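**Student:** One-letter residues, chain by chain:
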Amino acid sequence: MRPAPARGVEPLLRAEGLAKRFSLVHGLLGARGEVLPALRGVTFEIARGQTLGLVGESGTGKTTAGRIVARLLRPDSGRILFDGTDWLALSGAALRQRRRELQVVFQDPQNSLNPRMRAGDQIAEPLRVQGLARGRALRERVGQLLADVGLGAETASRFPSDLSGGQRQRVAIARALATSPRLVVCDEPVSALDVSVGAQIVNLLLDLRERAGLSYLFISHDLAVVSRVADRIAVFYLGAIVEEGPAQAISSRPLHPYTFALVAAATEPDPSAPRRGALLAGELPSAVNPPAGCHFHPRCPIARPRCRQEAPALSEAAAGHRVSCFYPGEMG
Amino acid sequence: MVTSPSSSSLVEIPAPLLSVEDLRVELPVDGVLHPAVDGVSFVLEAGRTLAVVGESGSGKTQLLRAILGLQPDGARVSGRVLSSGRDLSTLSDREWRAVRGREIGMVFQEPAAALDPVQTVGAQVVEAIRLHEPLSRAEARRRAVNVLAEVSFPDPERALGEYPHRLSGGLRQRACLAIALAAGPRVLLADEPTASLDATVAMQILELLDRLRRERGLAVLLITHDLGVVAKHCDRVLVLYAGRVVEEGGTAALLRAPAHPYTRGLLRSVPVLATAGRQRGERYEAIAGALEDLSARRRGGCAFAPRCPDRFEPCEASVPDLYPAGEGRSRCFLSREAAGRGA
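Chain order of the listed sequences is A and B.
In terms of this note's numbering, the first sequence opens at residue 1 and continues consecutively.
In terms of this note's numbering, the second sequence opens at residue 333 and continues consecutively.
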């Protein structure tokens, strides 16, 4: 099913039926034929100037979806319209030209930054490669970008090893913003940082969105962080979206039992908060041989016979709120 | 009549199973020693969980290593660690091996790294038992099955023959717990035991820890950065900053009314769900700046002063003591002033 786009406004990005399978190789001999369906046909939209959060535990496919959008990975099937362009059909010079509009911030700036390059040169690199600035204009632009992310001009001459984790992530954000993108894919941008530093980075991302009119595809395992940043949230489980809707509704009135468990697991430092037990038994099953029927049924506290046989479709339960469950909202 | 302040059903007065007194660990940086842990003291009591909360550079990892008698080369350690009253600082390497596992068990953040990939879970639990007790293989194996059942392995007999890579993250951490508890220690040190696990699985492991603590009367030291975990699973809290305890107290009181500006900032930085009261796009009241590297820290004044929104003159001049604050203590001159006014 496809959600109807808001009247007269085309979304900034629309991903349709993205599917991706990985071949698994076990041991030295490599047992053949095992295929991991990381993504089973997911469809989502990002409205202009808005943020879509992708949330779910590890191995649910959210990072794969982000990498496909960022053109770091090719899907087996599906298509992406980015600002009206067939994004996956672009190649060569045309792709290089348009890449400036869609940038990525990764989880660990330790790995995404070049350790042998000064911070200023790393921020300048995309500008140089794209031929967007040179000489004095380039230096001024780098200085402005550093200021935009809350770093002093002296940071330009530092190497990543001289910087703290938070400063490195600011440099990575400055580099992503250098080409004035319209969409930034943020893949677990605060997960490698201390709590107090992560809060600073979330604040920075919120400020930058306001100032530059950016859109984010914000990927995180942490529903609490996503709910602060996102306008809409898509919840992933075993390579599929099980619930998608307005951030407020997802975090306060979840319809899918898995989302409900994620909300319950988002512990708060409040000693008077009601103490709930673990709601889900077991762990994420192997995606290679997923359970029959609804993939979530073995862990679901409200599963019934029908759930073991039939897979529910992702369908609209309320205006703009999709869920794949035969008994939505029963756990509330 | 003494009543326990916690809601647990324990009636006896808890005895400290582990005492740490004025522990100091100095690490060499470019040939100069700098204190990574600076005068930390606490006790662990049977059936209780003490949280140690701190961010990178707070000294929590060095603290844990020092309790276990593991120091990096060139480090200087002073202060005392007492296990059931016995001073561990004078032990030989051989005596230490008898303490680790037998008196003090440990679990770490990455179960995949803590387990031996080429040995079955059963072999590793059996080894942990036979290291400390002269049991036959068959007896040790029986004991291993019991321990694996105790940490809720669905099929303990089968788990004996499983290799770690065949297990899910949650089951690997259960295997680590089984190994840690195999020789029956009364003290368990847990270093971010759920940080690498998914949220719904982390909840299961924390509930298991709670149950083991109750059933075995364990004294647990839980190192965590997650104040939500502290709120639900810990009786008391130590907050570490730059190697020093900056605040300590009972969990409920400390989280409800934190006295130290660092604790207050940390609490405001915790991501919480944006529901009715908290709106999307709302900024965190984040703490500015970051903790300096070990060698760049000022030791003359309060280490938090450069980031502190409440700093005033005394903070630059000298290091504050731990002053009474509410039911706990806070290393802040504002707490001294408040205590002075109250007296």
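Because the hints were derived from the structure by calculation, they are not lab data.
Computed from a predicted structure; not experimentally measured.
Ideal placement from N, C-alpha and C gives every residue a C-beta, glycine not left out.
Incorrect hints may appear among the rest.
Claimed, not checked - Derived list of chain A stretches under chain B, where covered just means 3 residues or more per stretch with a C-beta under 8 Å from a C-beta of chain B: (1) 63 to 76; (2) 228 to 240.
To be verified - Far from chain B, some chain A residues (derived; all Cβ distances over 10 Å): (3) Ala47; (4) Arg48; (5) Asp121; (6) Glu125; (7) Arg158; (8) Phe159; (9) Ala224; (10) Pro271; (11) Gly277; (12) Pro305; (13) Ala313; (14) Phe326.
What the hints assert, rightly or not - Estimated spans, in silico, between C-beta atoms of each pair: (15) A:Asp121 - B:Gly417: 36 to 42 Å; (16) B:Pro641 - A:Gly152: 38 to 44 Å; (17) B:Asp625 - A:Ala319: 34 to 40 Å; (18) B:Pro641 - A:Leu36: 45 to 51 Å; (19) A:Thr85 - B:Asp405: 53 to 59 Å; (20) A:Leu72 - B:Gly549: 41 to 47 Å; (21) B:Leu423 - A:Glu125: 37 to 43 Å; (22) B:Asp405 - A:Gly152: 52 to 58 Å; (23) A:Ser23 - B:Ala481: 36 to 42 Å; (24) B:Ser373 - A:Asp121: 53 to 59 Å; (25) B:Ala671 - A:Gln110: 26 to 32 Å; (26) A:Ser180 - B:Arg412: 58 to 64 Å; (27) B:Arg498 - A:Ser77: 43 to 49 Å; (28) B:Ala455 - A:Gly92: 32 to 38 Å.
**Student:** Each of the hints needs a verdict: does it hold here or not?
**Tutor:** Against the structure, the hints:
With 0 residues carrying a beta carbon less than 8 Å from a beta carbon of chain B, the region 63 to 76 of chain A misses the three-residue requirement, and the given coverage is violated. Interface restraint, the region 228 to 240 of chain A with chain B: holds (4 residues with C-beta to C-beta distance below 8 Å; minimum three). Consistency note on Ala47 (chain A): stated as away from chain B, and its beta-carbon is indeed over 10 Å from all of that chain's, at 14 Å minimum. Against the 10 Å criterion, Arg48 (chain A) stays outside the reach of chain B, whose nearest CB is about 16 Å from its own CB.
With 10 Å as the threshold on Cβ separation, the claim that Asp121 (chain A) sits away from chain B holds: the shortest Cβ distance comes to roughly 23 Å. Residue-level check passed: Glu125 (chain A) sits 25 Å from the nearest beta carbon of chain B, beyond 10 Å. Residue placement check: Arg158 (chain A) keeps its beta carbon more than 10 Å from all beta carbons of chain B (closest about 14 Å). For Phe159 (chain A), the requirement that its beta carbon stay farther than 10 Å from each beta carbon of chain B is met, with the minimum near 15 Å.
For Ala224 (chain A), the shortest C-beta to C-beta distance to chain B comes to about 4 Å, within the 10 Å cut-off, and the non-interface label is violated. Look at Pro271 (chain A): its CB is around 4 Å from the nearest CB on chain B, not clear of 10 Å, so calling it non-interface is violated. Under the 10 Å C-beta cut-off, the non-interface status given to Gly277 (chain A) relative to chain B is violated; the minimum distance is some 6 Å. Here Pro305 (chain A) stays apart from chain B, with its beta-carbon at least about 23 Å from theirs, past the 10 Å limit.
The non-interface label for Ala313 (chain A) is consistent with chain B: the shortest C-beta to C-beta separation is roughly 24 Å, beyond 10 Å. The claim that Phe326 (chain A) is not at the interface with chain B holds, since no C-beta of that chain comes within 10 Å of its own (minimum 21 Å). Here the CB-CB span from Asp121 (chain A) to Gly417 (chain B) is close to 59 Å, at odds with the stated 36 to 42 Å. At about 21 Å, the beta-carbon gap between Pro641 (chain B) and Gly152 (chain A) misses the expected band of 38 to 44 Å.
Taken as a hint, the range 34 to 40 Å is violated for the pair Asp625 (chain B) and Ala319 (chain A), whose Cβ atoms sit roughly 52 Å apart. A C-beta distance of roughly 49 Å is found between Pro641 (chain B) and Leu36 (chain A), which places it inside the suggested range of 45 to 51 Å. Between Thr85 (chain A) and Asp405 (chain B) the beta carbons are some 58 Å apart, a value that agrees with the proposed interval 53 to 59 Å. Restraint check, Leu72 (chain A) to Gly549 (chain B): a C-beta distance of roughly 52 Å breaks the suggested window 41 to 47 Å.
Under the hint 37 to 43 Å, the C-beta atoms of Leu423 (chain B) and Glu125 (chain A), about 55 Å apart, miss the expected range. For the pair Asp405 (chain B) and Gly152 (chain A), the beta carbons lie near 36 Å from each other, so the given range of 52 to 58 Å is not met. At roughly 38 Å, the beta-carbon separation of Ser23 (chain A) and Ala481 (chain B) lies within the given 36 to 42 Å, and the hint holds. Between Ser373 (chain B) and Asp121 (chain A), the C-beta spacing of about 48 Å breaks the proposed range 53 to 59 Å.
Remark: the range hint 26 to 32 Å for Ala671 (chain B) to Gln110 (chain A) is contradicted by a beta-carbon distance near 43 Å. A C-beta distance of roughly 60 Å is found between Ser180 (chain A) and Arg412 (chain B), which places it inside the suggested range of 58 to 64 Å. Between Arg498 (chain B) and Ser77 (chain A) the CB atoms are about 32 Å apart, so this pair departs from the stated range of 43 to 49 Å. A hinted range of 32 to 38 Å for the beta carbons of Ala455 (chain B) and Gly92 (chain A) is inconsistent with their spacing of about 55 Å.
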